[in-house]
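What follows is each chain in one-letter form.
Number of protein chains: 4
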Amino acid sequence: MSSMGDKVKIEIFGESHSAAIGATICGLPAGEKIDIDELCAFMERRAPGRDATSTARKEPDRPEFLCGIVDGVLTGAPLTAIIHNSDQHSRDYSDLRVRPRPSHADYAASVRYGGANDIRGGGPFSGRLTAPLCIGGGIALQLLAKRGIYIGAHLASVAGVKDTAFDAVEIDKDTLLSAGKKPFPVLDGAAGEKMREAILSAKADGDSVGGVIECAVIGMPAGHGGPLFEGVEGKISSAMFAIPAVKGIEFGSGFACTEMLGSEHNDPFVYEGEKVVTTTNNSGGIQGGITNGMPIIFRVAMKPTPSILKEQNTVNLETKENTTLLIHGRHDPCVAARAVPAVEAAAALCILDLLEGNN
Amino acid sequence: MSSMGDKVKIEIFGESHSAAIGATICGLPAGEKIDIDELCAFMERRAPGRDATSTARKEPDRPEFLCGIVDGVLTGAPLTAIIHNSDQHSRDYSDLRVRPRPSHADYAASVRYGGANDIRGGGPFSGRLTAPLCIGGGIALQLLAKRGIYIGAHLASVAGVKDTAFDAVEIDKDTLLSAGKKPFPVLDGAAGEKMREAILSAKADGDSVGGVIECAVIGMPAGHGGPLFEGVEGKISSAMFAIPAVKGIEFGSGFACTEMLGSEHNDPFVYEGEKVVTTTNNSGGIQGGITNGMPIIFRVAMKPTPSILKEQNTVNLETKENTTLLIHGRHDPCVAARAVPAVEAAAALCILDLLEGNN
Amino acid sequence: MSSMGDKVKIEIFGESHSAAIGATICGLPAGEKIDIDELCAFMERRAPGRDATSTARKEPDRPEFLCGIVDGVLTGAPLTAIIHNSDQHSRDYSDLRVRPRPSHADYAASVRYGGANDIRGGGPFSGRLTAPLCIGGGIALQLLAKRGIYIGAHLASVAGVKDTAFDAVEIDKDTLLSAGKKPFPVLDGAAGEKMREAILSAKADGDSVGGVIECAVIGMPAGHGGPLFEGVEGKISSAMFAIPAVKGIEFGSGFACTEMLGSEHNDPFVYEGEKVVTTTNNSGGIQGGITNGMPIIFRVAMKPTPSILKEQNTVNLETKENTTLLIHGRHDPCVAARAVPAVEAAAALCILDLLEGNN
Amino acid sequence: MSSMGDKVKIEIFGESHSAAIGATICGLPAGEKIDIDELCAFMERRAPGRDATSTARKEPDRPEFLCGIVDGVLTGAPLTAIIHNSDQHSRDYSDLRVRPRPSHADYAASVRYGGANDIRGGGPFSGRLTAPLCIGGGIALQLLAKRGIYIGAHLASVAGVKDTAFDAVEIDKDTLLSAGKKPFPVLDGAAGEKMREAILSAKADGDSVGGVIECAVIGMPAGHGGPLFEGVEGKISSAMFAIPAVKGIEFGSGFACTEMLGSEHNDPFVYEGEKVVTTTNNSGGIQGGITNGMPIIFRVAMKPTPSILKEQNTVNLETKENTTLLIHGRHDPCVAARAVPAVEAAAALCILDLLEGNN
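Chains as they are written, first to last, in my numbering: chain F, 1 to 359; chain U, 1 to 359; chain A, 1 to 359; chain C, 1 to 359.
Treat the hints loosely; a few may be bogus.
One copy or any two copies: either way a pair holds, since identical chains are not told apart in the list.
With a cut-off of at most 30 Å between alpha-carbon atoms, the simulated DSS-like pairs for lysine-lysine come out as follows [stated by the list, open to error]:
id, residue 1, residue 2
1, K173, K310
2, K194, K310
3, K33, K162
4, K194, K33
5, K182, K146
6, K181, K320
7, K146, K275
8, K162, K320
9, K162, K146
10, K33, K320
11, K162, K181
No wet-lab data here; the hints were simulated from the structure. It should be emphasised that the depicted structure is a prediction, and the values quoted were computed from it without experimental measurement.
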């Protein structure tokens, strides 16, 4: 379970302060050309320092390809790309083993790994590990675009401030991809300004906020997925929970469906020319675990960054006493913003895997 | 992906009207005694006809063990158990291929399988397939109980009517298991009555309602799971989406976390005797994808049953014209009620897999 | 690892004396018609009592289909078929736990399963478990034949008596399939008679003999498989070792290649019309783990049946003393003969998996 | 299938002339100390230029650790180590696409990858890819040694010249590991000299020779593995076929068992103090797919290096004509010698996976 995918499989490795982080992607189709500049531009979207609301830490996230690609063309062998960890502060992290940060992985990981885990900068639990996810996902996005399948996401809400939602039934490609082209990934700029204010206000207070990311896939043909453990929702959901800070996911109408009547919720079929479509899309493009040709739509909930600059209660695992902790350092007051491309990347890998595996 | 689990693996087979449905579970620990009566009692909880709100269809869901168990003791070889499909109505289902039911799998599956899928009674998409899930899960629940790990669920809401929620920090075993002992699985009987009214009212109108199921795991030790694709949330979520009609899942504070500040959301650590606990449990027992020793808590959203007794718009796939459809037959007006043990079962299999796999 | 295959996956369950044995096969292509009579005829080939050299035990090996097939057409859902265990002798097997039979699984399994394993008739280690393998393999053989791919095997040697070998470069379909049509599966009837004599002679002496099975796949296109862990040899070999009593496998020239010069061993390429072929086939149709379009050829070594009717030295695990053992009952003096269809079945499942998975 | 293992999993990446080759190993036990010098010494054993019989090509095979290890201690996160490809000759390899080398992967791979595969130096099919296998295997060997499990291999034969075989019943650790300490890995130095002569003689003639490698595992407890697809032989065999040039594998008595009587072949049990052992070990330490506590013994057949300096017949894939080919460059006239540590490495990964997975 350290990798994801059946036919197109990604394995992510690295720790926040190890020599490098990276990913190996197997099962990519040989002979396809990858636009490396476009990939790097995609990677840039999750890089910090892109907006005043994100951490000031600079990470040159340009991937270095070790194998699997020659002159930009996929060879069919596993593709491995790495990013060297250069901007590390070599300070002492050992205190985190003694006084675990609330709602971080520190305590759980110390039990899991008997204290041997690399705790510097969060180790393998760092949001930085979404960079290799974006390498694989960025490649997948390009391969999908060649087949007329596009994936886009935006910040649906931050600290309760809501962006315009995607139209579930009809999403044009430009709208879908528009948020990704902005420094702050929203559809509605005015809503985005309010979100930024909320983030900066929390930041000024040493605090943090959460958010919801909405993602859609358009152009996906009907007939992929299956019942039970083959379902598309299960596949996408487990991919999303690989992104740090995700605490929930819902497809289509999601939790709201639990307050609807069947007669309201059912999506009536209708012909649009030769194509079977539905006039509503509460199903989020998936019925019985199988794509039905409508946009796949889902939303993920991201918790407020646990790294806050306020004194917090914790324990001292050495003295076995209760104590307090004050975290220092640079942190994103809202990880949701930078996670938008990670959500697209994880979705793209799932969709490509379904297509390449003929599932 | 037709099976779930790494060390303890379940494979489910069968179609609603095939000769039998069943499951093969591999990796169960040899030598453990299973209480078959207790297992059957668990299975009874998902059987129809238990409450006036569920379908009248009678299914004798007593599993027949083909192998893997001798005198109630697990042999260590794969355990296969089946349930014969006896109460089938041999009516003609071919119309469903021509006029797919809205928000059912009919259309998506016909594309997926080129029309060869067994469409009778929903085929492999039928909620009936949660019966074999409950065989595996019921066994897992017994094995977990021997280790002091208990799993219980209840209807957290139906049609917007809310049950009392579990106390996220401290759940005693009796409360946890209480809903499962009632014909209608709620903690608060009064809330249950209101839910039943909402269901029966929808039923009288030929309509259906959705609901939320809350599930908790207590006694789970800290230190299971891992970052990225090894996370416990991802594992549980993909298991839950294998249950028909699930459209969302959230852990701990879930979607509500997106409107909280980090300072509110973080779970402070404190010593409770020798044990490290948290004073709140917004994390739902999982941090960095790893269990932290607190109760694992999650909620799943279940859509209203798509089978409603009202005329609906759909298409005729033969004539390629728009048409209408009126479904007949016996259906659960709220699938959430009977899905409660299925949620427990899926969770139990995930937890046992983590423990047996030492993950 | 209790199942085999990536896209087309088989899971085998059952124990020699459990209620039933069977298999679930996932990933079979929906809509394909299976000839059940042909499948049963294939199953007959491994059934006992077909030749005087095999055990007299009668097993009605007609599979009962539980799901996944309607009117002989694959539905795309998992196909499960079982065979009830009817001809069991309900004698006491508990002595085998105390005094393990030499070169049987008795001792190793008792350690593995802490003594909880079903020991009756060999439990899951019985050669009887090749029957469900043949269900899956028999279906795979039919699906491959529709694509012009044929698989056949024969007894290449028994007790040192050699059958004619397949011509590695050019195998016509009739020759390939001829052995399978005979009660005793050899190409050369005279050699077969000598083998049968050797078997009956060993049997008369309460002893047993081993043998080599040669198997070939013709019509397989070039370009399936891959380097390292994706290799076709590795895939086929692990499938073969799932057959009880197999102790070795070799592809193409096999062990003989270790005494050849490169200049002798290399297979020169040449055009045969438009098609690239090789003038020798020491590679056995696989180069760099990938099929090259030539016949895939391999041989498996099967040990002499460990069940012999002679007194043998063993231990008493209760008293912890050395002792002796005299096994009674009906046994095949040469399991290789009945294993021929099992070898074809396992190969067919591997090949179909490669094709369906586009690997 | 691009990776191997269930609990301890290795994924190998890289191509002969890509920027780097490497491996990611997941599931290694956190907190264990690795001796990097010892690992490098193990890697040295497969490096070229160690004996006059191997290629003169110099490869500094010192692994660079990217993650998963801090101060020599395993962190529990995936461990990735790479080796930069420095000693590449940047000559033109494009002719290999047009005129494939006999018994190389050139032709099969060009079909598999539509001609997009990296053909330089053999791409992913190069024996060089056994270097990352040895990184993972070298770590596994150290972890196994801490548990009293040792693995050693030697050249059992080269060009028909035979080394002393391991004593199947009783192998002391010193003998087991002795061949690995010599530049030319044999037990019997005199036999080794004859082998070297045969190799140098073939080399002088521009030709190559094959060989057999025998490997043993001592100290392995009884009770690991299982029937059918869980068998230890199947697991080890598929690992061995990942090593380029392997064409066969046999366990215990192997192919010789096919000419033995059951009464000769069966391994009688006897008590050796408190321990159950067998007085012969034709089973090669595995019965019913499960370890029985005796040494695991197997032999792999390696074909003569296909790269020979003689004119060979091949095809021109562009002109579609028959033609000839004369390969230049530096090649091992006998790959078996350098493959000895690769065999140990692959075996070690299998054994560690069984133990860590509690299989």
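Going down the list of hints, with the structure as the test:
1. K173 x K310: neither (43 Å within a copy, 36 Å between copies)
2. K194 x K310: within (24 Å within a copy, 44 Å between copies)
3. K33 x K162: neither (38 Å within a copy, 51 Å between copies)
4. K194 x K33: So K194 and K33 fail the 30 Å test inside a copy (40 Å) and across (51 Å) alike.
5. K182 x K146: within (23 Å within a copy, 54 Å between copies)
6. K181 x K320: neither (49 Å within a copy, 40 Å between copies)
7. K146 x K275: within (21 Å within a copy, 32 Å between copies)
8. K162 x K320: So K162 and K320 fail the 30 Å test inside a copy (43 Å) and across (40 Å) alike.
9. K162 x K146: Neither, since 32 Å and 47 Å both go past 30 Å.
10. K33 x K320: between (57 Å within a copy, 27 Å between copies)
11. K162 x K181: within (19 Å within a copy, 41 Å between copies)
Violated hints, in rising order: 1, 3, 4, 6, 8, 9; the structure is consistent with all others.
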